[in-house]
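Student: Under my numbering, the first residue of the sequence shown carries the number 2, and numbering increases by one thereafter.
Everything labelled a hint here was simulated from the structure, so no lab data went into it.
Among the hints, a few may not be true.
Below, in silico cross-link-like pairs of lysine to aspartate or glutamate (EDC-like), each with a Cα-Cα straight-line distance of 16 Å or less [what the hints assert, rightly or not]:
#	residue 1	residue 2
1	K163	E235
2	K202	E267
3	K205	E235
4	K237	D268
5	K202	E240
6	K205	D231
7	K237	E264
8	K163	E140
9	K237	E267
10	K205	E161
11	K202	E235
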Amino acid sequence: MRIRGTLLLFLVLVPGVVMWDRIVESMIFYPERGVAMTPEQLGIDGEEVFFSAEDGVRIHAFYLPAPGARRALLFLHGNAGNASHRLPNAAELVRLECSVLVLDYRGYGLSEGRATEAGVYADARAGLGHLIEQRGFPENRIIVFGRSLGGAVAVDLAQERKLAGVILESTFSSIADVVSNGPAGALLGALAGRRFESATKIGKIRAPLLYFHGDRDEVIRYELGQRLFDAAPEPKTFETIPGAGHNDLTQVGGRRYFERIREFLEDVAPTL
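Make the full structure from the sequences, and use the hints.
Tutor: Shown next as structure tokens:
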């Protein structure tokens, strides 16, 4: 009877845990399928590429080459939309003499599969592998750029890597910290669990760090960006964009935003 009772409890709880994981993931990931725009439509040089993550899931990405560039940037986007929505931003980065790979996480754009925390980490590793193995960039000439949720993916990827640098933007210390604000914060934080815990990982980054955050971010509180930054090792720089919210850093920051990135690129991976 004890064995049967335990088995029954197992059969009840395991599907419940799986279902709960799916519910939480549905609140984290907001993928958009398809392609909203192409490099050709934007009048920029670029190509669509496909490669496989370590578990065999086929991943879609855009590769935007900078003529003669000896450095590359892996762009890891946030939790909504898809890679095609980031093409205008990526094109600005190409103008900084840096080839750019913007990938669709699994379940996004034209990538196969369904987004999970472990899955998007694997997708980022595949993107880095593509830049190294197919494009010929040494790891120490690659910069990883992570925005919002992509910042957590970038932190996971950058651990113990010999990257040229890491750029984080409008990201957080953990998902639990993001949802733990307000009257129901403690409960929501507990329900979120130990997901995307960047603050416990960022100490293992060995590359220089540049961090951007708007002081009026309405989605990810400014203090969470500071908390994550404080946990990071040197060398590091925190850039506040006064008056910027979560989705308008490039517009509010203007040319100074991109010039600061250019300065960082020249520091960590000079054009030579």
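Student: Against this structure, judge whether each hint is valid.
Tutor: Here is what the structure says about each hint:
1. K163 <-> E235: OK: K163 and E235 at ~15 Å, within 16 Å.
2. K202 <-> E267: Roughly 26 Å separates the two Cα atoms, so the pair is violated.
3. K205 <-> E235: 11 Å, holds
4. K237 <-> D268: 12 Å, holds
5. K202 <-> E240: Violated, at about 21 Å.
6. K205 <-> D231: Holds. K205 to D231 sits at ~13 Å (cutoff 16 Å).
7. K237 <-> E264: 13 Å, holds
8. K163 <-> E140: With Cα atoms ~6 Å apart, K163 and E140 stay inside 16 Å; holds.
9. K237 <-> E267: It holds: about 15 Å lies between the C-alpha atoms, which stays within 16 Å.
10. K205 <-> E161: Between K205 and E161 the Cα gap is close to 6 Å, so the pair holds against 16 Å.
11. K202 <-> E235: 14 Å, holds
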